[in-house]
Amino acid sequence: LRLGRLVSSSASTGSSNQGRAGVFGSADRLFITTRTVELLKSLVGSTRWKHGAQLLLLLRGVGKDLYVCGGFREPAIGNVVRRIMAAVREEVLNMGTATPAAADRPALESMLWAQPTTKLVHRKDSFVEGSPVDQHLQDTLPAAFYTNRPDLKQSVMEAIQEVMSDLEDLHKNINDQALSHIHEKEVILTYGKSKTVELFLKAAASKKRKFQVVVAEVAPTMEGHEMAKSLARAGIDTILINDSAIFAAMARVNKVLLPAHAVLANGGLIASSGSNLVALAAKHNSVPVVCLSGIFKLCPTFPHEGQDTLNDFVSPSSVVDYSELSNELMKDVEFVNPVHDYVEPELINLYVTNAGAFQPSYIYRLLAENYHSDDWESFE
Amino acid sequence: SLPREYLTLKNVGVELQHSIESYLQERLDFASKAIAQFASKKIAQTGDVLLVYGYPEVIPVVLKEAAEQNKKFRVIVVDSRPLLEGKELLLKLRAMGLDCTYITMNALSYVLSQEVTKVLLGATALMSDGSCYGRIGTANIALCAAKVHNLPVLVCAETYKISHRVQLESFTYNELGNPKDVFFDNDDEEEESMMKDLRVLNLLYDLTPSTFVTGIVTEMGILPPTSVAVLLREMNPQDTDSFYR
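Chains as they are written, first to last, in the working numbering: chain P, 1 to 380; chain V, 381 to 625.
By construction, these hints were calculated from the structure, which means they are not laboratory data.
There's no promise every hint is true.
Unchecked claim - Derived pair list, reagent style DSS-like, types lysine-lysine, alpha-carbon separation capped at 27 angstroms: (1) Lys229(P) x Lys422(V); (2) Lys560(V) x Lys229(P); (3) Lys207(P) x Lys255(P).
Stated by the list, open to error - For each label pair, taking beta carbons as the anchor points, the in silico distance ranges come out as: (4) Glu305(P) x Thr552(V): 20 to 28 angstroms; (5) Asn285(P) x Gln397(V): 28 to 36 angstroms; (6) Phe551(V) x Lys207(P): 27 to 35 angstroms; (7) Leu350(P) x Lys451(V): 45 to 53 angstroms; (8) Gly356(P) x Gln425(V): 32 to 40 angstroms; (9) Ser373(P) x Thr552(V): 36 to 44 angstroms; (10) Pro559(V) x Lys185(P): 21 to 29 angstroms.
Said to hold, decoys possible - On the chain P side, residues computed to face chain V include the following (Cβ under 8 angstroms): (11) Leu43; (12) Ala219; (13) Glu223; (14) Ala228; (15) Ala232; (16) Gly235; (17) Phe247; (18) Ala248; (19) Gly274; (20) Val319.
Note that the structure is predicted; figures quoted are calculated from it, not measured.
Where a beta carbon is used, it is the ideal one built from N, C-alpha and C, also for glycine.
Isolated chain P, as found in the complex (with noise of 0.2 angstroms):
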């Protein structure tokens, strides 16, 4: 069996941030960010922070902290502290200058010329004597991070009110693109449970679009069956169909929606498990992929794990059950359950997000304008 780090934060899973979560994709996921954005809302409203600096080493602590507690398992949580340290950042250079904010986004000639502001940190040197976080901050943070202001705070409010209102309107904003994306007879395959896919395509119903909706089970979490009544009890024309009928099914489809766990910076995908033989298989017919994601699913960070990139196992109960390994024959068979796959930038052809449809070669952008470079860094 191979055992994931599931093994090592099992203590932690009655961590407040889970809520009334399960373990992967089965918690709402909006309901843990918004959860998180409330929270560091009331500890930036509730502690004694001087400055800008102070408030961000807050911010990184409660990032670390949150990771441990099994954040790792949710990367909006990690982004939306990102999010936030960044809104900081800004807060704080734009109090200066009576500029905008807006305005004050990177040109793409500008960045081609920015002198770079991180350091290298030798952090494994460096971890006995002190935070190697503490150097790092304190060495690239200009002047204005260290001054006093008192209406800091109110600004910071302000922006953490402006993430927080971008997750509640999320789902609007999203299903309002909805009918420039269903169209009529069209046949549309999904694959995996998602509220944001679900709601989607019940605005597009809701506005008389006729369409047939294809949902794939998705064994053996049979996600797909929830997916399915409940699309069908919304009048929607829904197939369910096993997920070995997913090249066979794909040569009926026009349209292919994918809901997302993460967004990677390349542009890469990371969705439930099976999702990138559902690409694939779209790819082989040319029907186009189009993925729906919130913004604060978008990571900094890059596939170099391959298809292990923010993946874990879970117990293989699922697979097989517990009853049949009493049989001899199966003591030394192993068992690999995966959660999430990885799906190339290649084989996605849209981001329909809550900020607008973007194409994955775009996605580095989109990082740029949401964190700072020097959030990037994951917070294990």
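We have chain P; now place chain V onto it with these hints.
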């Protein structure tokens, strides 16, 4: 062709019986042994990790032959609902003492990216353009293995499975299984009426395009998919006359 005086009903019956028995022996029994010989030659002496799917009858014969030649290899068995034929194959292979891993179809991408060296598949029928009509899910495996990871995909099929038909995709000619095997919701009856929009499709077979298949292992040897039509003619000379009449 028998001389005229020999053509009594009884003799013809006996001739027919012999004919059928020899067909069974040559085209079925002997064929799978021959396939095992050819396919096992392609398995390396050590270090191979073979991926198999479902339960084609010829696969355990191939693997048994390779094991008897003292080859050291691992087998990864892929399975899928609702038939779960892979489990039976798994038990059979474990009984032979082979090192096995068992996964469901969703883990395929992950496993192929790790360590698989060859893919062995079975077929229900071979179309004359070289595409393989097999258990549903076979195409998924061939696609992923051949396209992304450039792994050799060997389809083991006896020549009696070769058909003169050509099929372009899985839907044109298929078989449906019991939809209740896929999804059976026995919760409440009022749900049934709300479920009028939910249909279940239980396809049993699919078509693997010939571009994904590296070689077809038959009792005549290992052939490229393009040679299937030739083999059809070779193996069934009696059909060719009537076909072109």
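Tested hints:
Annotation: proposed proximity of Lys229(P) to Lys422(V) is violated, straight-line Cα distance about 47 angstroms (limit 27 angstroms). A C-alpha spacing of about 15 angstroms is found between Lys560(V) and Lys229(P), which places the hinted pair at or below 27 angstroms, so the restraint holds. With a CA separation close to 19 angstroms, the supplied pair Lys207(P) and Lys255(P) stays within the 27 angstroms bound. As the Cβ distance of Glu305(P) to Thr552(V) is approximately 41 angstroms, the hint placing it in 20 to 28 angstroms is violated.
Checking the proposed 28 to 36 angstroms range against Asn285(P) and Gln397(V) shows it is violated: the Cβ atoms sit about 48 angstroms from each other. Checked against the hint of 27 to 35 angstroms, the C-beta distance between Phe551(V) and Lys207(P) comes to roughly 30 angstroms, which is consistent with it. Roughly 47 angstroms separates the CB atoms of Leu350(P) and Lys451(V), a value that falls within the hinted 45 to 53 angstroms. Take Gly356(P) and Gln425(V): their Cβ atoms lie about 56 angstroms apart, and the range 32 to 40 angstroms is violated.
Checked against the given bound of 36 to 44 angstroms, the beta carbons of Ser373(P) and Thr552(V), roughly 53 angstroms apart, lie outside it. At roughly 24 angstroms, the beta carbons of Pro559(V) and Lys185(P) sit within the given window of 21 to 29 angstroms. The beta carbon of Leu43(P) is not positioned within 8 angstroms of any beta carbon in chain V (closest approach about 38 angstroms), and the interface hint is therefore violated. A hinted interface residue such as Ala219(P) counts as satisfied when its beta carbon comes closer than 8 angstroms to some beta carbon of chain V; here the least separation is about 5 angstroms, so the hint holds.
For the restraint placing Glu223(P) at the interface with chain V, the shortest Cβ-Cβ distance is roughly 11 angstroms, beyond the 8 angstroms limit, so the hint is violated. Satisfaction of the interface hint for Ala228(P) is found here, the shortest Cβ-Cβ separation to chain V being roughly 6 angstroms, below the 8 angstroms cut-off. Taking 8 angstroms as the C-beta contact cut-off toward chain V, the hint placing Ala232(P) at the interface holds, the least distance being around 4 angstroms. The beta carbon of Gly235(P) comes within 6 angstroms of a beta carbon in chain V, closer than 8 angstroms, and the hint placing it at the interface holds.
The restraint placing Phe247(P) at the interface with chain V holds, with a minimum CB-CB distance near 4 angstroms, inside the 8 angstroms limit. At its closest, the beta carbon of Ala248(P) sits 4 angstroms from a beta carbon of chain V; the interface hint therefore holds under the 8 angstroms criterion. The criterion of a C-beta within 8 angstroms of any C-beta in chain V is met by Gly274(P), whose closest approach is roughly 3 angstroms, and the hint holds. About 6 angstroms separates the beta-carbon of Val319(P) from the nearest beta-carbon of chain V, less than 8 angstroms, and the hint is met.
Hint compliance for this structure: hints 1, 4, 5, 8, 9, 11, 13 are broken, all remaining hints hold.
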